[in-house]
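Undergrad: Sequence:
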Amino acid sequence: MSRSDEMTKLGQGIVNEYDHRRAGDAARRATVQKMQNDTITLLAQFDAEHAAMTKAMQADFAALNTKLKKDHAEFKAATKKMMNELATVSAQSRTAWRRTAEQIERRRSGAKAPAPMSTPTPTPAPKSSPKEKSS
Numbered sequence: 008m009s010r011s012d013e014m015t016k017l018g019q020g021i022v023n024e025y026d027h028r029r030a031g032d033a034a035r036r037a038t039v040q041k042m043q044n045d046t047i048t049l050l051a052q053f054d055a056e057h058a059a060m061t062k063a064m065q066a067d068f069a070a071l072n073t074k075l076k077k078d079h080a081e082f083k084a085a086t087k088k089m090m091n092e093l094a095t096v097s098a099q100s101r102t103a104w105r106r107t108a109e110q111i112e113r114r115r116s117g118a119k120a121p122a123p124m125s126t127p128t129p130t131p132a133p134k135s136s137p138k139e140k141s142s
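Take the position in the sequence shown, starting the count at 1, then add 7; the result is the number in my numbering.
Honestly, I wouldn't trust all of these hints.
[To be verified] Cross-link-like lysine to any residue pairs, in silico, SDA-like; alpha carbons within 20 Å at most:
id	residue 1	residue 2
1	K76	Q65
2	K62	N72
3	K16	H27
4	K77	K87
5	K62	Q52
6	K77	A66
[Unchecked claim] So the derived label-pair ranges between C-beta atoms look like this:
id	residue 1	residue 2	range
7	V22	N44	31 to 41 Å
8	N44	K76	40 to 50 Å
9	L17	A37	29 to 39 Å
10	Q52	L75	29 to 39 Å
11	F53	K74	26 to 36 Å
12	N72	S100	39 to 49 Å
13	Q43	E13	42 to 52 Å
14	H79	Q99	28 to 38 Å
15	D45	D67	31 to 41 Å
16	E13	D45	46 to 56 Å
Worth flagging that the hints you see were computed from the coordinates, not collected in a lab.
Just so it is clear, CB atoms sit at the ideal spot from N, CA and C, and this is done for glycine as well.
Could you put together the complete structure from these sequences and hints?
TA: Structure below.
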């Protein structure tokens with residue numbers, strides 16, 4: 008082999024090695040680019056899923072909050088009604104005890120007991136008209 012052939016062969020080897028490295032670099036760049044694209048795609052999917060889940064959770068919490076407020080209002084109304092009933096029963100009980108005590112006192116003092124009266128029915132308070140409420 009002549010010196011010229013050796014130099015050509017050596018030069019061709021250098022060119023081949025350079026091409027091989029360039030191909031490797033291109034493959035690595037392509038792999039890195041694919042990984043970057045995959046990462047961007049996954050992040051976009053995650054953002055979309057996260058936004059959807061957040062929106063659904065906000066709707067769920069809003070519904071629960073509305074239900075809680077409604078339940079609380081119902082509870083307050085029921086409590087108020089029970090307290091009014093308790094006050095009425097308590098007043099009736101005090102009246103009955105007072106009458107009983109008066110009867111016992113009259114018997115002790117020898118006074119004649121009055122004829123029993125029927126228990127008066129409480130009359131409901133007159134409802135005011137909307138015009139009266141506004142003034």
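Undergrad: Could you see if the CB distance from E13 to D45 stays within 46 to 56 Å?
TA: Hint holds: Cβ distance 47 Å, inside 46 to 56 Å.
Undergrad: Starting from K62, check that the Cα of N72 is at most 20 Å away, please.
TA: Distance of about 15 Å is within 20 Å: holds.
Undergrad: I want to verify a distance hint. Is the separation of the beta carbons of D45 and D67 within 31 to 41 Å?
TA: 32 Å, holds
Undergrad: Has the given pair, K16 with H27, been kept, meaning a C-alpha gap of at most 20 Å?
TA: 16 Å, holds
Undergrad: Is it true that H79 and Q99 lie within 28 to 38 Å of each other by Cβ?
TA: 30 Å, holds
Undergrad: So does N44 sit 40 to 50 Å from K76, Cβ to Cβ?
TA: Distance hint for N44, K76 holds at roughly 48 Å.
Undergrad: Under the criterion that the straight-line Cα-Cα distance not exceed 20 Å, is the pair K76, Q65 satisfied?
TA: 16 Å, holds
Undergrad: For the pair N72 and S100, does the Cβ-Cβ distance stay inside 39 to 49 Å?
TA: 41 Å, holds
Undergrad: For the hint 26 to 36 Å, verify it against the beta carbon of F53 and that of K74.
TA: 31 Å, holds
Undergrad: Compare the distance between the alpha carbons of K77 and K87 with 20 Å, and conclude whether the hinted pair is satisfied.
TA: 15 Å, holds
Undergrad: Is the hinted range of 29 to 39 Å satisfied by the C-beta distance from L17 to A37?
TA: 30 Å, holds
Undergrad: If you draw a straight line from the CA of K62 to the CA of Q52, is it 20 Å or shorter?
TA: With Cα atoms ~15 Å apart, K62 and Q52 stay inside 20 Å; holds.
Hint compliance for this structure: no hint is broken.
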